[in-house]
Amino acid sequence: MPAIVPRRRGASSLVLLAAVFACAGARAGADPAGRWEGSADVPGQPLRLVIDLDRDAQGRWAGSAILPGRSVKGAPIDGLAVAGCAVHLGLAAAFPGGDALQPKLALACQADGTLAGSFMLGGHSAAVRLHRSGPAQVDRPPAGSPITAALAGKWTGRYELGGVPREVTLTLANGGGGAGGGQLVIVGKRTTTLQVDQVTQGREYVTVRASAANFVIEGRFAAQDGVIDGAVSQGPFEAAIVLHRQAGEKTS
Amino acid sequence: MNAKLTAAALAALALASTAPSAQTMFRGDPAHQGVSSEAAPRAFHRVKWTFPTGGRVVSSAVWHDGAVLFGSDDGNVYAVDAASGRQRWMARTGGPVASTPAVSGDRVFALSYDGRLYALDARSGEVLWKFATEGERRFEAKGLHGLQPRNQTYPDLYDVYLSSPLVVDGKVYFGSGDGHVYAVDAATGGLAWKFATGDVVHASPAYAEGLVVVGSWDGRLYALDAATGAQRWAFQAGLDPLIHNQQGFQSSAAIAEGTVFVGCRDGHLYALDLRSGAPKWNVDTEGSWVNASPAVSRGRVVFATSDTAQYRVVDTATGKPAQATGSTQAYVFGSPTIAGDTVLLGVLNGSLQARDRADGRVLWEFRTDAAQANRGWVLSAEGRFNSGWLYASGWGDLSNDGTRRQDSVGAFYASPLVAGGTVYIGSADSNVYAIE
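Protein chains in written order, with numbering that gives the first Met the number 0: chain D, 0 to 251; chain G, 0 to 435.
Treat the hints loosely; a few may be bogus.
Cut-off 27 Å, straight-line C-alpha distance, at most; resulting in silico cross-link-like pairs (BS3-like, lysine-lysine) [said to hold, decoys possible]:
{"id": "1", "chain 1": "G", "residue 1": "Lys279", "chain 2": "D", "residue 2": "Lys188"}
{"id": "2", "chain 1": "D", "residue 1": "Lys188", "chain 2": "G", "residue 2": "Lys141"}
{"id": "3", "chain 1": "D", "residue 1": "Lys153", "chain 2": "D", "residue 2": "Lys188"}
{"id": "4", "chain 1": "G", "residue 1": "Lys193", "chain 2": "G", "residue 2": "Lys129"}
{"id": "5", "chain 1": "G", "residue 1": "Lys319", "chain 2": "G", "residue 2": "Lys279"}
{"id": "6", "chain 1": "D", "residue 1": "Lys103", "chain 2": "D", "residue 2": "Lys153"}
If you are wondering where the hints come from, they were derived from the structure by calculation, not from laboratory data.
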């Protein structure tokens with residue numbers, strides 16, 4: 000018969016149980032808030048971890064992760080759940096293709112003041128232990144900003160990538176939450192419509208991001224000329240673009 | 000005529016009269032159809048022996064007089080007794096032997112990363128002559144695969160193979176990192192002709208009807224007159240001027256039924272007319288490289304893909320699916336071998352798969368010890384590469400580390416050899432396995 004690696008089904012359930020039992024013996028009043036440093040004992044490839052956990056002004060938990068040596072600083076944490084001294088969180092943003100890997104931490108406060116539990120990735124599980132090293136320094140994801148009337152409206156431009164010209168129509172407005180957003184329509188060999196989920200308008204520089212496609216337009220914004228002069232990028236691809244306010248649009 | 004010339008002429012005559020038999024060169028025959036003359040076992044019984052070398056083995060094994068011959072990235076060509084697994088001889092070269100040797104008569108021809116073609120005595124490994132090219136190199140490009148910094152030139156770590164020599168009618172044909180296709184006299188090592196392409200040639204030439212067919216990393220597949228080296232036609236496949244990821248022929252062509260079948264990194268398997276190079280049909284693999292050389296038999300083309308990890312069988316006349324697409328779980332670079340009612344396929348996750356030829360179902364699977372140990376979680380529990388874990392970022396140095404870790408599970412880059420009911424295949428874990 001062929002030699003086949005034993006499957007590790009049910010690992011997640013066991014980890015959760017372990018976390019619950021570990022919690023029972025934890026110090027009363029232990030607070031997961033803080034900066035936690037340590038490593039996951041992945042066989043042959045230990046993973047250094049720095050996890051920051053904190054509550055915001057409304058008492059909601061937030062966190063971010065640093066993976067030293069993997070070029071990850073301040074990756075947002077997903078699925079963060081804190082129940083007493085049990086902490087569950089996801090690290091999808093810390094790994095390329097993280098949604099497929101499903102990296103997660105299941106931790107519980109220990110009697111010795113550490114947070115311990117399991118690190119899970121790709122169907123595997125490894126022990127992890129983190130020591131408190133100081134107060135939390137959570138990196139918040141960059142927030143979008145409200146946009147001025149000079150930036151709101153419709154913009155058109157053109158860029159060329161791989162010999163294929165693409166026509167761009169960018170429509171921007173302030174959303175219900177007060178931050179800028181909008182829509183991006185790119186017409187090349189086919190038409191692609193992207194939702195703009197973040198706009199950062201500085202004094203002279205604007206960044207427009209469609210995160211789902213990792214698509215960014217950024218450049219110098221000259222309100223008086225009705226021009227955004229910069230570049231589009233998508234991962235390793237980058238090309239110059241000049242966007243003009245569409246004819247008939249006001250520049251306030 | 001002096002004595003030396005007489006000896007050379009006799010040797011050439013002997014080589015010319017030796018009909019290439021299956022399993023004596025890469026893909027088994029000059030047309031590179033990838034069909035074994037012997038049937039593979041339908042069930043896994045045991046590992047008969049394991050032969051350790053000092054480096055990764057991406058070379059496929061060939062057969063000569065009861066021995067399996069192969070190269071290793073440790074720089075040596077080996078002859079190992081097939082029955083006992085004991086070494087008969089070892090010939091040192093000046094670099095990794097990342098291609099499959101070819102046996103013709105009593106000679107073995109092997110290409111090394113030292114940029115030389117070696118002619119060795121098949122019985123002793125003694126060097127008979129060396130032919131120096133202008134030097135080897137990997138395919139390389141600025142910002143390759145989207146690596147950063149983007150203005151840096153990167154060698155392609157997936158350019159793992161050297162061209163495997165082809166021997167026909169007293170000439171040895173092979174490609175080189177210097178961008179040329181060479182024809183060298185098998186008896187003397189003298190240059191017959193060389194043909195310049197636009198980039199590295201690490202695919203292996205195939206032969207039929209007086210034509211040598213080979214692809215280059217310049218994105219063209221060339222058909223050259225075997226006698227003169229004159230270009231008969233060239234087929235331009237896709238190019239990727241942005242990140243050079245979707246271009247180049249790493250796969251070697253298979254020729255059958257007057258048609259050339261070849262995979263390309265541009266995400267296609269192509270079928271072209273042998274005489275004219277005119278496209279007949281293609282299979283779009285949605286951007287997934289086709290690095291493995293196709294196998295062709297009985298109206299079917301068997302091939303596999305890289306990123307999408309697909310095992311596919313299509314009709315030779317139409318390119319339409321002839322059976323359901325199968326999953327190999329991980330990237331395939333190694334070329335399939337059709338052996339009786341079985342198709343053997345090495346996968347980069349350290350798995351050798353035996354599939355039923357008729358319906359593609361997996362009959363048995365052998366996994367290296369390294370794949371089973373899976374240190375560092377290179378593979379998921381299902382046997383897929385944990386790519387986002389291996390490749391921390393798009394910055395070049397970190398990416399190189401990911402590629403090395405990928406190999407650590409004993410990746411199978413080689414194509415299986417079948418002889419006497421035993422399967423022989425080398426692995427990136429430095430071993431050659433005899434499996435029955």
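Hint check results:
1. Lys279/G with Lys188/D: holds (25 Å)
2. Lys188/D with Lys141/G: holds (26 Å)
3. Lys153/D with Lys188/D: holds (22 Å)
4. Lys193/G with Lys129/G: holds (16 Å)
5. Lys319/G with Lys279/G: Roughly 12 Å separates the two Cα atoms, so the pair holds.
6. Lys103/D with Lys153/D: Outside the cut-off at roughly 41 Å; violated.
In this structure, the one hint that does not hold is number 6.
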